[in-house]
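Protein chains: 2
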Amino acid sequence: MNQDLFLYNSIGGQKVKFEPINPPFVGMYVCGPTVYSDVHLGNCRTFLTFDLLYRYLTHLGYKVRYVRNITDAGHLENDADAGEDKIAKKARLEELEPMEIVQRYTVGFRHVMGLFNMLPPSIEPTATGHIVEQIEMVKKIMEKGLAYEVNGSVYFDVIKYQEQFKNYGELSGRKIDELIAGAGAEKRTLEGQDEKRNPVDFAIWKKASPYHIMRWVSPWGEGFPGWHLECSAMSTKYLGEEFDIHGGGMDLKFPHHEAEIAQNNACCNHGGPRIWLHSNMLTVNGKRMGKSEGNAFLPEELFAGSHPLLTKGYSPMTVRFFMLQAHYRSTLDFSNEALHAAEKGFKRITDAVNLLASLKSGVASDFNWKQWESEVYAAMNDDLNSPVAIAHLFEAAKRINSISEGKESVSKEDLERIQYFIPVFLQDVLGIRNENMAAGNEENTVDGLMQLIINLRNEARFRKDFQTSDIIRDSLKEVGIQLKDGKEGTGWEKTTS
Amino acid sequence: MNQDLFLYNSIGGQKVKFEPINPPFVGMYVCGPTVYSDVHLGNCRTFLTFDLLYRYLTHLGYKVRYVRNITDAGHLENDADAGEDKIAKKARLEELEPMEIVQRYTVGFRHVMGLFNMLPPSIEPTATGHIVEQIEMVKKIMEKGLAYEVNGSVYFDVIKYQEQFKNYGELSGRKIDELIAGAGAEKRTLEGQDEKRNPVDFAIWKKASPYHIMRWVSPWGEGFPGWHLECSAMSTKYLGEEFDIHGGGMDLKFPHHEAEIAQNNACCNHGGPRIWLHSNMLTVNGKRMGKSEGNAFLPEELFAGSHPLLTKGYSPMTVRFFMLQAHYRSTLDFSNEALHAAEKGFKRITDAVNLLASLKSGVASDFNWKQWESEVYAAMNDDLNSPVAIAHLFEAAKRINSISEGKESVSKEDLERIQYFIPVFLQDVLGIRNENMAAGNEENTVDGLMQLIINLRNEARFRKDFQTSDIIRDSLKEVGIQLKDGKEGTGWEKTTS
Chain A
1 MNQDLFLYNS
11 IGGQKVKFEP
21 INPPFVGMYV
31 CGPTVYSDVH
41 LGNCRTFLTF
51 DLLYRYLTHL
61 GYKVRYVRNI
71 TDAGHLENDA
81 DAGEDKIAKK
91 ARLEELEPME
101 IVQRYTVGFR
111 HVMGLFNMLP
121 PSIEPTATGH
131 IVEQIEMVKK
141 IMEKGLAYEV
151 NGSVYFDVIK
161 YQEQFKNYGE
171 LSGRKIDELI
181 AGAGAEKRTL
191 EGQDEKRNPV
201 DFAIWKKASP
211 YHIMRWVSPW
221 GEGFPGWHLE
231 CSAMSTKYLG
241 EEFDIHGGGM
251 DLKFPHHEAE
261 IAQNNACCNH
271 GGPRIWLHSN
281 MLTVNGKRMG
291 KSEGNAFLPE
301 ELFAGSHPLL
311 TKGYSPMTVR
321 FFMLQAHYRS
331 TLDFSNEALH
341 AAEKGFKRIT
351 DAVNLLASLK
361 SGVASDFNWK
371 QWESEVYAAM
381 NDDLNSPVAI
391 AHLFEAAKRI
401 NSISEGKESV
411 SKEDLERIQY
421 FIPVFLQDVL
431 GIRNENMAAG
441 NEENTVDGLM
451 QLIINLRNEA
461 RFRKDFQTSD
471 IIRDSLKEVG
481 IQLKDGKEGT
491 GWEKTTS
Chain B
1 MNQDLFLYNS
11 IGGQKVKFEP
21 INPPFVGMYV
31 CGPTVYSDVH
41 LGNCRTFLTF
51 DLLYRYLTHL
61 GYKVRYVRNI
71 TDAGHLENDA
81 DAGEDKIAKK
91 ARLEELEPME
101 IVQRYTVGFR
111 HVMGLFNMLP
121 PSIEPTATGH
131 IVEQIEMVKK
141 IMEKGLAYEV
151 NGSVYFDVIK
161 YQEQFKNYGE
171 LSGRKIDELI
181 AGAGAEKRTL
191 EGQDEKRNPV
201 DFAIWKKASP
211 YHIMRWVSPW
221 GEGFPGWHLE
231 CSAMSTKYLG
241 EEFDIHGGGM
251 DLKFPHHEAE
261 IAQNNACCNH
271 GGPRIWLHSN
281 MLTVNGKRMG
291 KSEGNAFLPE
301 ELFAGSHPLL
311 TKGYSPMTVR
321 FFMLQAHYRS
331 TLDFSNEALH
341 AAEKGFKRIT
351 DAVNLLASLK
361 SGVASDFNWK
371 QWESEVYAAM
381 NDDLNSPVAI
391 AHLFEAAKRI
401 NSISEGKESV
411 SKEDLERIQY
421 FIPVFLQDVL
431 GIRNENMAAG
441 NEENTVDGLM
451 QLIINLRNEA
461 RFRKDFQTSD
471 IIRDSLKEVG
481 IQLKDGKEGT
491 GWEKTTS
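Protein chains in written order, with the numbering used here: chain A, 1 to 497; chain B, 1 to 497.
So that you can see chain A by itself, here it is in the shape it has in the complex (with noise of 0.2 Å):
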């Protein structure tokens, strides 16, 4: 914790060092999944964000607590209070409980996160699971007079609480007015919209339609909590009325954040979090991705190569790695090529640390080690800049060539200190898997033992023993491995796996 952490307040939109309330304890809330579909690569992002926050405050030695949420009822199809609920209209559709359909993504959300290599949160919280602690929050708003009951369901009295606090759409940029005008311009046919005071309301309790199968007994008669709620309830259950960190994707700045912010004050007189930190979006050719936009791509299909606007797949760690290069805060484009170069610069990285262990140390380093490693931190110290912390590696990269090459010298210290250091920062804070090594092994094995036999074979021909050869031959292809003798001498592939 030697280290001066500056991260971007999404509030008064500046980097501010990081302060805990509480050192060396850090409470972070990151607004998770919501359950209903196959999570899509741009979400991927923004969890790859904060696990790379999580990872580097760990790194740091600060102890986090780190709660990601299940968002399993509550979000209704427009992200506001209307329409149909995103996983009860999910179950309709697939004739399933829904409950079957949290459980289905849920399972795959964590197999994605765990391709990716990110980190379980301490705590990963269920808008289910905290039927009670949204029910009380929402008599205490009530109780504070900034929020109204109408035929079962509560809203938020934005109006009422702006007087009050005068913060709302601080964290988004947007005027109440603007809003008020908006909104009152908007059809007004949807369900619920004509029970609000004002249109810029929002539910924080919706009454359950007799059709409506996620329902719960409150106070207000039988409903379901509103998305924004359950957000507000559980980052004060497990962090505090304040607390250090809330993370999320740039698109729930509002009116997702808006409402946390509002409902946080309106029931305890603190905002929550200290620090707001947004990721950006991930674009296709320069557009948006999202399930909206019909052009999110699914990590199987990047994986895979099935995806029709990539010609290879791409390994997690890859695309993990390709993230990495861009800035948190920066939009990313997505394309093969990009992935291309990323896949070609990640094998780079990962070959020089696979050349780390080998390396001969000799009298003085022709380079500062030490200031490169601080350049390092001064990246990651500067909002988490992973581009130009990954820029340094592949400087590093470049030495560790040259090392391994005899053109370039490293004193025993600082071999020492990179050999540790490097895969500690690339493993334990990129959170970078060293497939290339791990699977390599295997690989380099079948690599070296073929490179023998191609040898071998060549001498007997050269001593014109043909039966030899023969046998070679015969023998690689029982192992499934086929030999193509070319111009620049013999190859070899595998006829079967």
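In case anyone wonders, no lab produced these hints; they're calculated from the structure. Careful: at least some of the hints might be erroneous.
Note that the list lumps identical chains together, so a pair holds whenever it fits in one copy or between two copies.
Computed cross-link-like contacts, PhoX-like style, restricted to lysine-lysine with a CA-CA straight-line distance of at most 20 Å [to be verified]:
| id | residue 1 | residue 2 |
| --- | --- | --- |
| 1 | 370 | 360 |
| 2 | 166 | 90 |
| 3 | 287 | 484 |
| 4 | 360 | 407 |
| 5 | 63 | 90 |
| 6 | 175 | 253 |
| 7 | 160 | 412 |
| 8 | 494 | 370 |
| 9 | 237 | 89 |
| 10 | 144 | 160 |
| 11 | 89 | 175 |
| 12 | 360 | 287 |
| 13 | 17 | 89 |
| 14 | 175 | 15 |
| 15 | 412 | 370 |
| 16 | 291 | 464 |
Once you've looked at the hints, dock chain B against the given chain A.
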């Protein structure tokens, strides 16, 4: 579903024909883990039993809703209703929020389930996720006059229940008079015991003491649900008041399952499941394996071979196979020798499966394969008799080897049948990943190449070409392989990995 499946119902104590209430749908509830420590092998055996049943029912064409809960609150230390909450205690000892404990061990549990190739259930509900439902159930039971509140806790009135339903003890074979006598003789100083009208009564809602972290608002003040209640509430919610199958470990019969039946009847006039299945325990050298017995194996110790009772590690699939070689209602004794034998048997079967694709058919079969297949089904239909089914697989393996060696003939029709049926049965029903085949590919390649190289080296030495023989030895060293010349020929081992 053209198979008559018989299952041993713990109520009634005999095998009954399985007839789902609403075919082809089947509702199955299984008591899952209390996530306050690593899952041990005894638990794994229970979950394997119901994974097998889930797979077999699905194989037969049933549409199974398989609900397995996660107990993340309410399970007190003595398994009844006194003592500290198991999760809260662990949280206190490790200075963590209880839900961090829950997350850690839930993640670990899912990981182990994955290693054993157990399918995720259709729904995996948590106790904390169903507080509202549990409170509602308590209310209903109180309305029926079968529970009473004392000082913020609510107790189930077993005596009154028994007067009305006359079946308390039927599942576990206990007599209520003896229970009363036994409980009365127990130490009465346990917290809450003196609040009960009768010592056999059990808590369905417990008042939270001031230091109790896990607490929820209820009509009876802040508290938490009794352990037994969650399963009644969740099975009713997801499977209905009457459903097909309830499973769990034998040790849960009393008091847990007995209490569930009573709660279900009291609330809804249905006992819940029609069939109760109980999986027997794992023993270690004849003694029950359990956390409290201090002889529990962790799956990791078994895979790594790091437990003092083991001489080597065994793969998850070997262990799965080992467990399936015992009937689920028999005890299964764990020993190094038994595992070793299972490993050999497992390899025998997968080796034969690996031969299947390359078998050549003849004019007629020397063996009645149709009869054989129906015997495999007969074994499974006889209360999931997996050891008998596996014995049939051994028979098949023997035959396959004979066919492969040309000593026995198989008709085209039969060959196609077993080429389809055996892998399906092994993988889909028994849930055995053919890892010998999968992992074998890479290893087989290296093995094959090494055999060729050793032959070439022997041949070089035979013609006294020691230069080549030395080059081979040195080249192998470079790829991390050490040759070992011995009396019985030349062997090799990897020096790095």
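Here is what the structure says about each hint:
1. 370 x 360: within (18 Å within a copy, 67 Å between copies)
2. 166 x 90: Intra 39 Å, inter 44 Å, cutoff 20 Å: neither.
3. 287 x 484: neither (43 Å within a copy, 61 Å between copies)
4. 360 x 407: within (12 Å within a copy, 61 Å between copies)
5. 63 x 90: between (38 Å within a copy, 18 Å between copies)
6. 175 x 253: Cα proximity of residue 175 and residue 253: one copy only (14 Å, versus 62 Å across).
7. 160 x 412: For residue 160 and residue 412, the Cα distance exceeds 20 Å both inside one copy (67 Å) and across copies (81 Å).
8. 494 x 370: This pair counts as neither: shortest intra-copy Cα distance 45 Å, inter-copy 37 Å.
9. 237 x 89: between (29 Å within a copy, 19 Å between copies)
10. 144 x 160: within (10 Å within a copy, 45 Å between copies)
11. 89 x 175: neither (33 Å within a copy, 49 Å between copies)
12. 360 x 287: neither (49 Å within a copy, 56 Å between copies)
13. 17 x 89: Answer is neither: 44 Å inside a copy and 37 Å across each miss the 20 Å cutoff.
14. 175 x 15: Close neither inside one copy (23 Å) nor across copies (70 Å); limit 20 Å.
15. 412 x 370: within (13 Å within a copy, 71 Å between copies)
16. 291 x 464: neither (63 Å within a copy, 69 Å between copies)
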